[in-house]
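Could you use the hints to bring the two separately framed chains together as a complex?
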Amino acid sequence: MTQAFNIERRRRAIHGWLLLSPALLMLTAFAFYPSLATLVTSLWSRGTRRNPSEFVGLENYRYLFDDPTFWQVAGNNLIYALVTIPVSMMLALMMALWANSKLPARSFIRTAYFTPTVLPMIAAANLWLFFYTPSFGILNQIGAAFGAAPVNWLGQPETALWAICVVTIWKEAGFFMIFYLAALQTIPPDLKEAAEIEGASRWTYTRRIVLPLLMPTTLFILVNAMINSVKLIDHLFILTKGGPSDSSKLILYYIWENAFAYFDRPSAAAMTVLVLALMGALAAFQFLVLDRRVHYR
Amino acid sequence: MIRYIEPAAAILLAILWISPLVFAFWAAFHDVSDAVNFRLTAPLTLDNFRTAWAGAPWLGYFLNTFVLVTLILAGQFLLCTLAGFAFAQTEFRGRDALFILVLMQLFILPEVLIVENYRVAASLGLLDSILGIGAPYMASAFGIFLMRQAFKSVPKDLDEAARVEGCGTLGVLWRVYVPAARPTYLAYALVSVATHWNNFLWPLIVTNSPSTRPLTVGLSLFGAPESGVDIAVISAATVMVIAPLLIGFLIFQRQFVQAFLTAGVK
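Line by line, the protein sequences are chains A and B. Yeah, the first sequence ends on 297 if you go by this note's numbering, and it's all consecutive. Yeah, the second sequence ends on 1266 if you go by this note's numbering, and it's all consecutive.
Among these hints, one or two may not hold up.
What the hints assert, rightly or not - To spell it out: a stretch of chain A is covered by chain B in this simulated footprint if at least three of its residues, at any positions, have a beta carbon under 8 Å from a beta carbon of chain B; those stretches are:
#: 1; stretch: 36-46
#: 2; stretch: 111-121
#: 3; stretch: 126-134
#: 4; stretch: 151-163
#: 5; stretch: 232-240
#: 6; stretch: 252-258
#: 7; stretch: 266-280
Stated by the list, open to error - Ranges of calculated distance between the beta carbons of each label pair, as one might list FRET restraints:
#: 8; chain 1: A; residue 1: Val289; chain 2: B; residue 2: Lys1152; range: 23 to 29 Å
#: 9; chain 1: B; residue 1: Gly1168; chain 2: A; residue 2: Leu25; range: 21 to 27 Å
#: 10; chain 1: A; residue 1: Phe5; chain 2: B; residue 2: Glu1165; range: 20 to 26 Å
The set of hints was computed from the structure by calculation and includes no laboratory data. Every value quoted in this text rests on a predicted model; they were computed, and no experiment measured them. Cβ coordinates follow ideal geometry from the N, Cα and C atoms, glycine included.
In isolation and in its complexed conformation, chain B is listed as follows (with noise of 0.2 Å):
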């Protein structure tokens, strides 16, 4: 008897975490007062998605977040490669203090920032503007610390066998060190689109028109109380939103997981 309540306790709390999320999905699907009175056996329906559809330019938003996204990383990418090269590979003098104040900003989150951060947005003129929203977090303090760590372990003799060949520092780099670490790049790659997809408080200030705005604002002004939209309909609207991350979730599982273990275990 004892040896099976562990697992149904597993189960169980398996089948509460999820709960949420399956309720959602179901009330998404139904009528309103089907949905607030647990009518299991209502018809299903698809009015909850015409409406919140028609609600909020979502195209717009799901395009926001995409250029977004894929602009983040593009410019993480970059910035990061870069540095990570030069912390991993080239010596100079004041390296290693460089290195320890650009960890720093693992602690300075651009969260917290957001008063002078805005400032430094406004006089750059990046207000309600996509690379606005997205500047404050291309030069990573965790990407450039991740290239680092992965530019290292690539063996020495293939980096002088490369210089002997012709190539500069750069046709190093690039020949060399980045097809390296092309699975910390994968990696990156997930964390960054997941943490970024899903990032709210600094787009909502940045943000203030339809035509920048990311989902997760574009979500939270549709829900807001003064939308008067009800909860069957914020329902559709969240499913919707969280649709094509959850959808790529499941499907590269293994990866998701080893993307935010290889990001996170130091």
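Looking at chain A on its own, in the form it has when it is part of the complex (with noise of 0.2 Å):
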């Protein structure tokens, strides 16, 4: 009888790891491998034709802190990181209470923050491509109906990341608008009437009673927006190319323009490794810290 049973057993077993072979293959050939393999390059000098590539340790590292461009780049994407992220999680926190209540137009409303998560990114930087142009772009037509002076908006280092972030957060918002719009809907509306018999007003029930319910969606959304500041660079491409020189230049595109513009892999590695480990501790951050306190849903 156990005898079956355990025939039984590894029969399962085996069935399991054959289902999975082909999603671990790929994985691996598109995830494991390539981390590995990038960290494996990033330890290794960038080859030529009459010096082979030889293992230089930490070398392209410190290459990389030596290079001021890094640094730029570096700190551009952390002002990114801390425009985009709570500016788009705001406005989301707004655009759901608006969307949630009995507004007239609400559903136009809704539609309206939500169409822009829809376009690919490259659409959406032509768009606001219209608004940006020097000579006749929209934000300078508003300004000279004021009398303000015409702005090369994407064309000088102090408004072109800021213009970038502008594009980032039109897009973002309304994406992120949705998680809590889920999350509001699931509020008992007693909470509400109770709060109102106790005299509350809807300032004092949303801070006291929304948003610390809302606490698991924001920490979601949160860790969802960090991992965006890094991966939504594509508006670049055609806005600005991280110009004018380097001012709105973003970490994962230098990674792209070190690989396929400059073609130095190594550094391009060493790069990807560093975004890699703070990847890796947003993960442990999430798994470890936030899946606790998000699990009572």
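In structure tokens:
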């Protein structure tokens, strides 16, 4: 009896592995192996025809840390994250509160907020080009109506990164809104009635009851927004190409540039390793800290 | 008075939010000099679309994108169904450790691994092919997770009943689990198609000929300053590219939003 049971169990285990193998094969080829290969590449020098690639230890990292452009790009990305994450999350919350309340034209409002989410980033960049172009851009025409001097939004270091941030916020806020909206709809209406009976103002109700209940959603969105602040760079290709003088260049764009425009794979690999380490820390944060709190759902 | 402020602000923000889109639509149907000078009464024209259509092999790009999203979806359905089922309903040693390893891929973005993924694609002979664009996305950790959750909620009785009837493991999967997870498949399909219709960086790297380029890459080349087309024509091309997905979204809005939620809320 136990032997039959054992055979059955072994049969099921083999089935399990067989079912998994295609996915594992693909994950190995396009996630696990490349991650390790990136680490290896980052430790070897850039091979040329005369000097074959050789093991250089952390030399590529030192070279990277001596590169002022790297620090500028890292700083840009930090600003990008610190601006787009809070602004798009706050807008998302506001949009969700509005889309969930009994306002007129609610379905129009919802659609309008969400629509940018389904557009490709490249298309979004093309749309915004119309706003930013120096000679006839919409922003400058509006400015001119108020007597402001024209600004070359994408062409000067002071404004280029901000222009990039605006497009990202525009694209992301509506996406995050739907998560808040879903969470808002799970809050029982009696809570609101109870608060009204107690004489709590709408602001107190929102701050004391709604926001704490939305905390798990907020953390979930936060992790996604952090990942996106590395990932969302497509619009750079259309709007600024990282310029002028690297003022709007972000890490992933710089990785792409190093690897496919300058053909400097080792430094691209070293940067990738740093980004992966950051992502790993984020993953650990999510699994070890957030999941414990979020699980009460 | 105060109670009109909030609806007004909400509607104002909504108008602000779709204004780039509305403006591009308007500009696409007007002559460029009318468009940049906001002549609201200017006559409509389809010239921009004619110019844009003649300027690049759009039909091919559309076809490539269509083949690409279909291929990725088919690959994801197959791989994630099998793997999700293995994680949900089979038991073997090391399963949970393996699951965590798979979840790691949620954070190892294919976008970040472009340098080495390019070499892998090259060594597999996948450069400049639609399969090469799709391959890194097929075994998606996210999809595996999603299918595992869906399969876990299938009652065990149904599974056992099917086995008593003589179904093998794959038979049970096909007859019991896949039909039960239909809503999850629909949600996953919508998210996957929307994501890969819009994806840009990896396709840009892998492709280098019109016969494989998807729409997003085609659009970025078309709008490049070197190509010398004016902004009304760029608007027309952009409108053309986003129209299918946008129309689909407006028709199936409820399903779309629901799909993103199912896919996002863990």
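Do three or more residues from the stretch 126-134 of chain A put their C-beta atoms closer than 8 Å to C-beta atoms of chain B? Since three or more residues must qualify, the claim that chain B covers the stretch 126-134 of chain A holds, with 7 doing so at under 8 Å.
Okay, Gly1168 (chain B) versus Leu25 (chain A) on CB: inside 21 to 27 Å? holds (22 Å)
Stated coverage of the stretch 36-46 of chain A by chain B [criterion: 3+ residues, CB within 8 Å]: That given contact holds, which follows from 3 residues of the stretch 36-46 of chain A lying within Cβ reach (below 8 Å) of chain B.
8 Å C-beta criterion, at least three residues: is the stretch 111-121 of chain A covered by chain B: holds (count 11)
Report holds or violated for chain B covering the stretch 252-258 of chain A, Cβ cut-off 8 Å, minimum 3 residues. It holds, with 3 qualifying residues against the three required.
For the stretch 151-163 of chain A, count the residues whose Cβ lies under 8 Å from any Cβ of chain B; is that count three or more? violated (count 0)
Do at least three Cβ atoms from the stretch 232-240 of chain A come closer than 8 Å to Cβ atoms of chain B? Coverage by chain B holds for the stretch 232-240 of chain A (4 residues, Cβ < 8 Å).
Taking 23 to 29 Å as the stated bounds, is the beta-carbon spacing between Val289 (chain A) and Lys1152 (chain B) within them? holds (24 Å)
Under a C-beta cut-off of less than 8 Å, do 3 or more residues of the stretch 266-280 of chain A approach chain B closely enough to confirm the stated coverage? Contact hint for the stretch 266-280 of chain A vs chain B: holds, 7 residues under 8 Å.
At the C-beta level, are Phe5 (chain A) and Glu1165 (chain B) separated by a distance inside 20 to 26 Å? Holds, at about 21 Å.
When each numbered hint is compared with the structure, a violation occurs for hint 4 only.
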